[in-house]
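Here is how the chains run, residue by residue.
2 protein chains.
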Amino acid sequence: MVDLPDKAERFIDWYLAAVEAAELTDKRYEVKGMNIWTPYGMQSRRALDALLVREVERIGSRAIEFPTLIPQPQFEKEKEHVKGFDDQVYWVTKGGASALDIPLVLRPTSETAMYPVFALWVRSHRDLPLNVYQIVSVFRYETKTTRPFLRVREIHFFEEHTCQADEARATARVEEDLAAFERMAAALALPFAASRRPDWDKFPGAHYSIALDIPVGQGRTLQIGTVHHYRENFSRPYGIQYEDPAGTLRYVHQTTFGLSERLLGAVVAVHGDRRGVVFPSILAPVQVVLVPIAAPGGGAAPVEAARGLADRLRDRGLRVHVDDSDERPGAKYYRWESRGVPLRLEIGPREASAGTVTAVNRLGERTVLGPGELDRAVADALSAFDRTLTARAESAFRSAFSVATKLEELSGSTTVRVVPWCGQEACGHRIEAAIEGGVLGTPERPLPVDPGAPGPCIACGERSGARWVLAGRPL
Amino acid sequence: MVDLPDKAERFIDWYLAAVEAAELTDKRYEVKGMNIWTPYGMQSRRALDALLVREVERIGSRAIEFPTLIPQPQFEKEKEHVKGFDDQVYWVTKGGASALDIPLVLRPTSETAMYPVFALWVRSHRDLPLNVYQIVSVFRYETKTTRPFLRVREIHFFEEHTCQADEARATARVEEDLAAFERMAAALALPFAASRRPDWDKFPGAHYSIALDIPVGQGRTLQIGTVHHYRENFSRPYGIQYEDPAGTLRYVHQTTFGLSERLLGAVVAVHGDRRGVVFPSILAPVQVVLVPIAAPGGGAAPVEAARGLADRLRDRGLRVHVDDSDERPGAKYYRWESRGVPLRLEIGPREASAGTVTAVNRLGERTVLGPGELDRAVADALSAFDRTLTARAESAFRSAFSVATKLEELSGSTTVRVVPWCGQEACGHRIEAAIEGGVLGTPERPLPVDPGAPGPCIACGERSGARWVLAGRPL
Numbered sequence: 028m029v030d031l032p033d034k035a036e037r038f039i040d041w042y043l044a045a046v047e048a049a050e051l052t053d054k055r056y057e058v059k060g061m062n063i064w065t066p067y068g069m070q071s072r073r074a075l076d077a078l079l080v081r082e083v084e085r086i087g088s089r090a091i092e093f094p095t096l097i098p099q100p101q102f103e104k105e106k107e108h109v110k111g112f113d114d115q116v117y118w119v120t121k122g123g124a125s126a127l128d129i130p131l132v133l134r135p136t137s138e139t140a141m142y143p144v145f146a147l148w149v150r151s152h153r154d155l156p157l158n159v160y161q162i163v164s165v166f167r168y169e170t171k172t173t174r175p176f177l178r179v180r181e182i183h184f185f186e187e188h189t190c191q192a193d194e195a196r197a198t199a200r201v202e203e204d205l206a207a208f209e210r211m212a213a214a215l216a217l218p219f220a221a222s223r224r225p226d227w228d229k230f231p232g233a234h235y236s237i238a239l240d241i242p243v244g245q246g247r248t249l250q251i252g253t254v255h256h257y258r259e260n261f262s263r264p265y266g267i268q269y270e271d272p273a274g275t276l277r278y279v280h281q282t283t284f285g286l287s288e289r290l291l292g293a294v295v296a297v298h299g300d301r302r303g304v305v306f307p308s309i310l311a312p313v314q315v316v317l318v319p320i321a322a323p324g325g326g327a328a329p330v331e332a333a334r335g336l337a338d339r340l341r342d343r344g345l346r347v348h349v350d351d352s353d354e355r356p357g358a359k360y361y362r363w364e365s366r367g368v369p370l371r372l373e374i375g376p377r378e379a380s381a382g383t384v385t386a387v388n389r390l391g392e393r394t395v396l397g398p399g400e401l402d403r404a405v406a407d408a409l410s411a412f413d414r415t416l417t418a419r420a421e422s423a424f425r426s427a428f429s430v431a432t433k434l435e436e437l438s439g440s441t442t443v444r445v446v447p448w449c450g451q452e453a454c455g456h457r458i459e460a461a462i463e464g465g466v467l468g469t470p471e472r473p474l475p476v477d478p479g480a481p482g483p484c485i486a487c488g489e490r491s492g493a494r495w496v497l498a499g500r501p502l
Numbered sequence: 028m029v030d031l032p033d034k035a036e037r038f039i040d041w042y043l044a045a046v047e048a049a050e051l052t053d054k055r056y057e058v059k060g061m062n063i064w065t066p067y068g069m070q071s072r073r074a075l076d077a078l079l080v081r082e083v084e085r086i087g088s089r090a091i092e093f094p095t096l097i098p099q100p101q102f103e104k105e106k107e108h109v110k111g112f113d114d115q116v117y118w119v120t121k122g123g124a125s126a127l128d129i130p131l132v133l134r135p136t137s138e139t140a141m142y143p144v145f146a147l148w149v150r151s152h153r154d155l156p157l158n159v160y161q162i163v164s165v166f167r168y169e170t171k172t173t174r175p176f177l178r179v180r181e182i183h184f185f186e187e188h189t190c191q192a193d194e195a196r197a198t199a200r201v202e203e204d205l206a207a208f209e210r211m212a213a214a215l216a217l218p219f220a221a222s223r224r225p226d227w228d229k230f231p232g233a234h235y236s237i238a239l240d241i242p243v244g245q246g247r248t249l250q251i252g253t254v255h256h257y258r259e260n261f262s263r264p265y266g267i268q269y270e271d272p273a274g275t276l277r278y279v280h281q282t283t284f285g286l287s288e289r290l291l292g293a294v295v296a297v298h299g300d301r302r303g304v305v306f307p308s309i310l311a312p313v314q315v316v317l318v319p320i321a322a323p324g325g326g327a328a329p330v331e332a333a334r335g336l337a338d339r340l341r342d343r344g345l346r347v348h349v350d351d352s353d354e355r356p357g358a359k360y361y362r363w364e365s366r367g368v369p370l371r372l373e374i375g376p377r378e379a380s381a382g383t384v385t386a387v388n389r390l391g392e393r394t395v396l397g398p399g400e401l402d403r404a405v406a407d408a409l410s411a412f413d414r415t416l417t418a419r420a421e422s423a424f425r426s427a428f429s430v431a432t433k434l435e436e437l438s439g440s441t442t443v444r445v446v447p448w449c450g451q452e453a454c455g456h457r458i459e460a461a462i463e464g465g466v467l468g469t470p471e472r473p474l475p476v477d478p479g480a481p482g483p484c485i486a487c488g489e490r491s492g493a494r495w496v497l498a499g500r501p502l
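Respectively, the protein sequence lines represent chains A and B. Read in order, the letters of the first sequence correspond to residues 28 to 502 in the numbering used here. Read in order, the letters of the second sequence correspond to residues 28 to 502 in the numbering used here.
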């Protein structure tokens, strides 16, 4: 029962310790960067997937699933795309004892798996829009240091792919996806920045890429998702055409929307504290833990009260655990705190006879609930916890950005910087060198700081065309 | 709008046509035997997974997920097991441009992925039983002809793995899994035979294997799952030991329970008819389709009535579709029949004004529902459909078995045969040659035919040790 490493000072050490203490994953699998989803981690992943499914189906996407393996010729059709992934794909070259005629790639993402088939699915304007998604494993042969959820070689991945009739409709779809992500992020209490990446950092094959970044302290950011506009960059090589109402053949405009298990890493990184993980209730494998506390030589009243209340909470659809093991209460508190349970209910003999519980939420707020309508009071306390968590995250988000107008201000920055940039790539690289990180791009949503009108480019001093961009240090 | 091929005469042609007409899968992916889950197929798969999860969690299994790739040395630790899979695994040999130091196998099943880690998870008797499952893709380099859902190279797979304290507890777990499968099969209206496979046909590394077979007509059977008892066959090579309460180190006894997308193939094969797929309601992507029928030049009353009723049915948790497209009603009926929708509601102007609907279920039974409490009447009609489907399947199941006591009766058999066998492998192979199929094994559940006491072995005439076994022609 020792505190974790200091989160601000030793972020990565803290992160690894928090994930470990919560038993969200087991890293002892024999292949580096391929981790095991433990029962507890798997429950949070399932809750996360359910949230993604709910929000993406709300905007009309339908679940599909394409094969894991992609034949080499199909994979290599879009030149820029394959160039972007060439170094980081796994190759299947043998089946049984014999070499395969055509090597197969373990998908790093599914554009090249899906698009030849989209060419068969899309024939007429009546087939549009085509909005589909899958939640699958993708594979990247990472050479950088791997970290649970943040950088792994087998990635639990959400990918939406859409075909639209024209560029404007594809742009509108990008907006719909961003709005869906806003709802997901709100449910997870995760404020984020959406930035149009500079050209040198967009997705291989994209017309433009909007990345979703979450500040995780000290000027660091975590890219947890992207929405891409492909224009006709894939539909031309893969031949995805439709007949418009006038009988003309046109190429579709495509978009994608990608998220991954990094979102779980972001939840750990943003909400966690010195005692470990803090789950927003939507993601918590256990939302309420009940700890009955028997008096020395006392009766079974606390256990019975806990079990009765647990049943009523389950009837309300809550995920509940009664910890009636014979450990000391302190050890139990510690374990469930490090596992991020939003709400703990302590029930001693006094509470049991009064029909009350002492509720302590994961942010340390303590209240007495009841008597009467306890299950409703617990549900309310859980909602109140989520609101507090959101307020805390929003406050941290506001403090995570600050304006800089001189290059020398960027070095060692402990915030994400909002800087004026002329748009030239050379200046962009000077900004990146100064902050020892990256130009995240042009904000697509209002920022928590209002920088006013942009001054001259922070790098070259040129006034014309200057716009505000975000610069930070991607994890 | 033509009928499908004759199911009894040309079963495989019928099967392929039925799957195609229902648009459950798209076979046009560039890798043979790796198919695409379409939106409609994906919905039925999701419903199937939800059923498996519900029943297996009821018996205390928890979801986990292990990596897709298994390092060669780990894969090759249990000799018999690797021998069984050697010819049918895909090998990953390259990452980026360079050869991997250690080749990786795409899991054909996960024993060898999981068990080295189970050795870390299981330390004490308090860690037992360990009951976990995953639902993932597994890969087999099939050389036989591939068929959607029945024989594919990327398989949607359910696998439960358990560690028990001793052999008796492992045997008891096998029984719990069989009981869980009975509940799943009942929900799917799929009667099945559970047979202890002969030794030459058990799973590589198993102590014994109980296979779940479904008769699909003409003496053919479809193996849709297995439950295996491994004794210590894996725990010894992988070192899975625990300290018992007396402080002695013991090897665990292990079991597995496997099911796959074949279960969906079995639903098609068993319930389908000349018009296509028939879904039991639990699996149907659309459970109720409402077809409003406007009178020529008539008003919107049927459409409005259909939409209002659809909303009420959705509130009851039903999966509902209103087909208000401008096709002819006949074309709509045909499409939804071939897609297996259990219940169609026809609403014309007369029905709309009377507050009734004409309900036609997928087995052709027609009734008028209402007026009043229409949503409840629809739900009842759906339950009645499931009962009829079950009764029909049970009747077919009973007719699918017959006793044979002479080898010459086996040739060209159109039923699964119940035959007396002495237990010698040579006699088993003579039975298999005679029926041009396989000895399925000793029934683990009462058969629909009661053969009385077994007579002499059908192959050698030996009386002693003779028992009834099933023999059929596995698809």
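Be careful, since some hints might not be right.
Identical copies carry no separate label here, and so any pair may be met within one copy or between two of them.
[Said to hold, decoys possible] Okay, derived cross-link-like pairs now, PhoX-like style, lysine-lysine, Cα gap no bigger than 25 Å in a straight line:
no. : residue 1 : residue 2
1   : K110      : K121
2   : K171      : K110
3   : K121      : K104
4   : K121      : K54
5   : K59       : K121
6   : K54       : K433
7   : K106      : K34
8   : K359      : K106
9   : K34       : K110
10  : K54       : K104
If you're looking for bench data, these hints aren't it; they were derived computationally from the structure. All figures in this text were calculated on a predicted structure; none of them were measured in a lab.
These are the hints, each one checked on the structure:
In this assembly of identical chains, K110 and K121 lie within 25 Å of each other by CA distance both inside one copy and across copies; the values are 24 Å within and 17 Å between. In the homo-oligomer, the alpha carbons of K171 and K110 lie at most 25 Å apart inside one protomer (18 Å), although the nearest pairing across protomers, at 36 Å, exceeds that limit. Proximity of K121 and K104 under a CA criterion of 25 Å is satisfied in both settings, with 22 Å inside one chain copy and 20 Å between copies. With identical chains, the CA atoms of K121 and K54 are at most 25 Å apart between copies only, with a shortest distance of 23 Å across copies and 28 Å within one.
Taking CA atoms no more than 25 Å apart as the test, K59 paired with K121 passes in both settings, with 22 Å inside one copy and 15 Å between copies. Taking CA atoms no more than 25 Å apart as the test, K54 paired with K433 passes in neither setting, with 43 Å inside one copy and 58 Å between copies. For the identical chains of this complex, K106 and K34 are neighbours neither inside a copy (42 Å) nor across copies (47 Å), given an alpha-carbon limit of 25 Å. Within a single copy, K359 and K106 get their C-alpha atoms no closer than 56 Å, and across copies no closer than 44 Å, so neither meets the 25 Å cut-off.
For the identical chains of this complex, K34 and K110 are neighbours neither inside a copy (37 Å) nor across copies (50 Å), given an alpha-carbon limit of 25 Å. In this homomeric assembly, K54 and K104 come within 25 Å of each other (Cα to Cα) only across copies, at 21 Å, whereas the closest approach inside a single copy is 36 Å.
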